[in-house]
Structure formats: C-alpha cells, structure tokens
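K.L.:
Sequence:
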Amino acid sequence: MLQIVVPTDFSNNSYNALFYAIKLFKNEKCVFHVVNVCGNGSDSVRKEVQIESELGLDAICHRLIRDAGTNKNHKLKKVSLCSNVPKGVSEYVIDHKADLVVIGNKAKEEVKHILFGTNAMQLVREVTMCPILIVPLEIDFRSIKKIGFISNYTHPLSDENYRALQFFQSMTDSAMVPMSIDDGNLDNTITMHKDRFLKVFSESIFKEVVLPVFKDKTQTILEFVDLWSIDMLCMVYYPHHFFLEFIGNGIIKELNTKLSVPFLILPGQTN
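If you count the sequence shown from 1, position 13 lands on 13 in this note's numbering, and the numbers rise without skipping.
These are computed hints drawn from the structure, not numbers from a lab. Beta carbons: idealized from backbone N, C-alpha and C, even for Gly. Just so you know, not all the hints are guaranteed correct.
Simulated crosslink set (EDC-like; lysine to aspartate or glutamate; CA at most 16 angstroms straight-line) [stated by the list, open to error]:
#1 Lys207 - Asp231
#2 Lys215 - Asp183
#3 Lys77 - Asp95
#4 Lys26 - Asp173
#5 Lys258 - Asp216
#6 Lys194 - Glu208
#7 Lys146 - Asp231
#8 Lys77 - Asp58
#9 Lys75 - Glu28
#10 Lys77 - Glu54
#11 Lys78 - Glu54
#12 Lys145 - Asp231
#13 Lys194 - Asp159
#14 Lys146 - Asp226
#15 Lys146 - Asp173
#16 Lys145 - Asp226
#17 Lys78 - Asp58
#18 Lys199 - Asp159
#19 Lys23 - Asp173
#20 Lys87 - Glu126
#21 Lys75 - Asp58
#22 Lys78 - Asp9
#23 Lys23 - Asp9
#24 Lys75 - Asp99
#25 Lys194 - Asp183
#26 Lys258 - Glu138
#27 Lys29 - Glu48
#28 Lys258 - Asp231
#29 Lys26 - Asp67
#30 Lys97 - Glu160
#31 Lys97 - Glu126
#32 Lys146 - Asp187
#33 Lys258 - Asp226
Ranges between beta-carbon positions, derived for each pair [as the list claims (entries may be wrong)]:
#34 Asn12 - Lys199: 35 to 45 angstroms
#35 Thr128 - Leu2: 39 to 49 angstroms
#36 Glu203 - Val45: 53 to 63 angstroms
#37 Leu211 - Asn12: 28 to 38 angstroms
Sequences and hints are given; from them, build the entire structure.
P.N.:
Below you can see the structure in the form of structure tokens.
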C-alpha cells in the first residue's frame, strides 16, 4: 500500500490538501498518515496540547469521511507528534518509508510574501527522500489530464524520480508536457539527459515545449501552464541548481501566489 503523509495544522489549507489527496488516489490502496505536530514544550503543557491534537485529528478525519465518503482502498492513521514541524515530519517520513508527502498551500490573502508558509518551505528542504505534492487552497479537485514537467536537464533524472513520475502519469492516465526554458546552454550531457527523458515518456508525451524567457522566468512558466492547460506542474528540487535560483530570488514566491494547479516537487536524488 502507498504510504502518504499529510501534515495538518487543522487549517482550511491543510484540510483541502488532505481532501485533494483522497480524491486523487481514490483507486489506489493507501494509508494516509494524518500528522499533527503539537509542539515539544514542557511535560505538563505537552500532555494538554497532545489531547487537543488528538481531538483535532478525530474531528478532521470525521469531516473527511463526511465530505468524501468511505473508501475500502483507504486507511486513515491519526498521528500526534511532539516535535517541531520540519524535524518531526521529516523523521516520521523516514521511519515510515513514506511514498509521498502532501501539504496545503496557504490562501493568497494569507501568503503575501511567504513561500508556502514557513513550515511548508522548510519541509520542501528537509524532506528529501520522497516527492512532495503542494495543493493550492483555492482549487476544486479535477482530473489530471496534462502533467507539465519543467527541467533544463542539467542533471539526470534519478531512477526513483522516473518511477514516481511514471506512476503519477499512469495513475491519472495523463499526457506529459515537458517544458524547458531556452537559456542558451546546450551541451552533450544536457542533450543526453533530455533524450532519455523523451524516450522514457515517448508514448505519453503530448508536446515538447521549449520557450524563451518572455518577461521573466515566473511569467514564462505561468504562461506555459495557462497556454497548455496544465493540470499538475512538476519540478525536481536540486540544491544549487537552476530551480534553486527560483527560491533564492523569490521567484517561486511569486509563482506560489499565482499558480492555481498542484505542484509536484521531486527530490533531487542522483543515480
């Protein structure tokens, strides 16, 4: 069974992520680990907040069953952790060999200049052993018909990431739309990585898209998502790589306030 970890702080955005995951994986056998990190204060305080955490988990799971119904393929596991959010979730993901982490994006009016919320961005950096799916708050569930994969192929895609991307493509029966930004850097290594990707997904590729930078990289990606009706966007998180620049320069922060599709982030593992 798939092991899917869904951190929750009982907010609307975290509930929306859980609901989306339940709908997305409706035909897959899954254990959903609904995890609330309730802090690591003194023993007296810890006991009180853990009771509140357990009550909150009962309530959110009850709400989920009421809204989405029961599914014989799914099991819900309620988990209260006394830790800080990134450390607690990351260690839990490792200990339980999670296949995916699903987190909710904050509402636009909540985000302002905060990238996915502080804890969520820390999770992106800390959880490097499995993919992370970020779900925008203000979206309704819809079938995934096109997955946009963005890369400049500087690094090879790891076997683990190929399997993850193939799983999502097969599960959703979606078309793959690989996109790269023409930055003038093309060598034999990049060509080799790109050719392998195109070969692996040859039967599911709808269209390969190579775009110049229109106004800036953020706008280029947003126009790509809109123009090609992308239902899920996917990138690999490589430290010190092309897309880390997005984080360093605040470009993903801008993407985050405008992107209206789920964002699948694959860990930057290499073979």
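K.L.:
Against this structure, judge whether each hint is valid.
P.N.:
Results for each hint:
no.: 1; hint: Lys207 - Asp231; verdict: 15 angstroms, holds
no.: 2; hint: Lys215 - Asp183; verdict: 13 angstroms, holds
no.: 3; hint: Lys77 - Asp95; verdict: 15 angstroms, holds
no.: 4; hint: Lys26 - Asp173; verdict: 14 angstroms, holds
no.: 5; hint: Lys258 - Asp216; verdict: 14 angstroms, holds
no.: 6; hint: Lys194 - Glu208; verdict: 11 angstroms, holds
no.: 7; hint: Lys146 - Asp231; verdict: 5 angstroms, holds
no.: 8; hint: Lys77 - Asp58; verdict: 10 angstroms, holds
no.: 9; hint: Lys75 - Glu28; verdict: 11 angstroms, holds
no.: 10; hint: Lys77 - Glu54; verdict: 11 angstroms, holds
no.: 11; hint: Lys78 - Glu54; verdict: 8 angstroms, holds
no.: 12; hint: Lys145 - Asp231; verdict: 6 angstroms, holds
no.: 13; hint: Lys194 - Asp159; verdict: 14 angstroms, holds
no.: 14; hint: Lys146 - Asp226; verdict: 12 angstroms, holds
no.: 15; hint: Lys146 - Asp173; verdict: 9 angstroms, holds
no.: 16; hint: Lys145 - Asp226; verdict: 14 angstroms, holds
no.: 17; hint: Lys78 - Asp58; verdict: 8 angstroms, holds
no.: 18; hint: Lys199 - Asp159; verdict: 14 angstroms, holds
no.: 19; hint: Lys23 - Asp173; verdict: 15 angstroms, holds
no.: 20; hint: Lys87 - Glu126; verdict: 8 angstroms, holds
no.: 21; hint: Lys75 - Asp58; verdict: 14 angstroms, holds
no.: 22; hint: Lys78 - Asp9; verdict: 13 angstroms, holds
no.: 23; hint: Lys23 - Asp9; verdict: 20 angstroms, violated
no.: 24; hint: Lys75 - Asp99; verdict: 15 angstroms, holds
no.: 25; hint: Lys194 - Asp183; verdict: 15 angstroms, holds
no.: 26; hint: Lys258 - Glu138; verdict: 11 angstroms, holds
no.: 27; hint: Lys29 - Glu48; verdict: 34 angstroms, violated
no.: 28; hint: Lys258 - Asp231; verdict: 14 angstroms, holds
no.: 29; hint: Lys26 - Asp67; verdict: 14 angstroms, holds
no.: 30; hint: Lys97 - Glu160; verdict: 14 angstroms, holds
no.: 31; hint: Lys97 - Glu126; verdict: 15 angstroms, holds
no.: 32; hint: Lys146 - Asp187; verdict: 28 angstroms, violated
no.: 33; hint: Lys258 - Asp226; verdict: 11 angstroms, holds
no.: 34; hint: Asn12 - Lys199: 35 to 45 angstroms; verdict: 42 angstroms, holds
no.: 35; hint: Thr128 - Leu2: 39 to 49 angstroms; verdict: 19 angstroms, violated
no.: 36; hint: Glu203 - Val45: 53 to 63 angstroms; verdict: 56 angstroms, holds
no.: 37; hint: Leu211 - Asn12: 28 to 38 angstroms; verdict: 34 angstroms, holds
Against the hints set out earlier in the document, violations occur for numbers 23, 27, 32 and 35.
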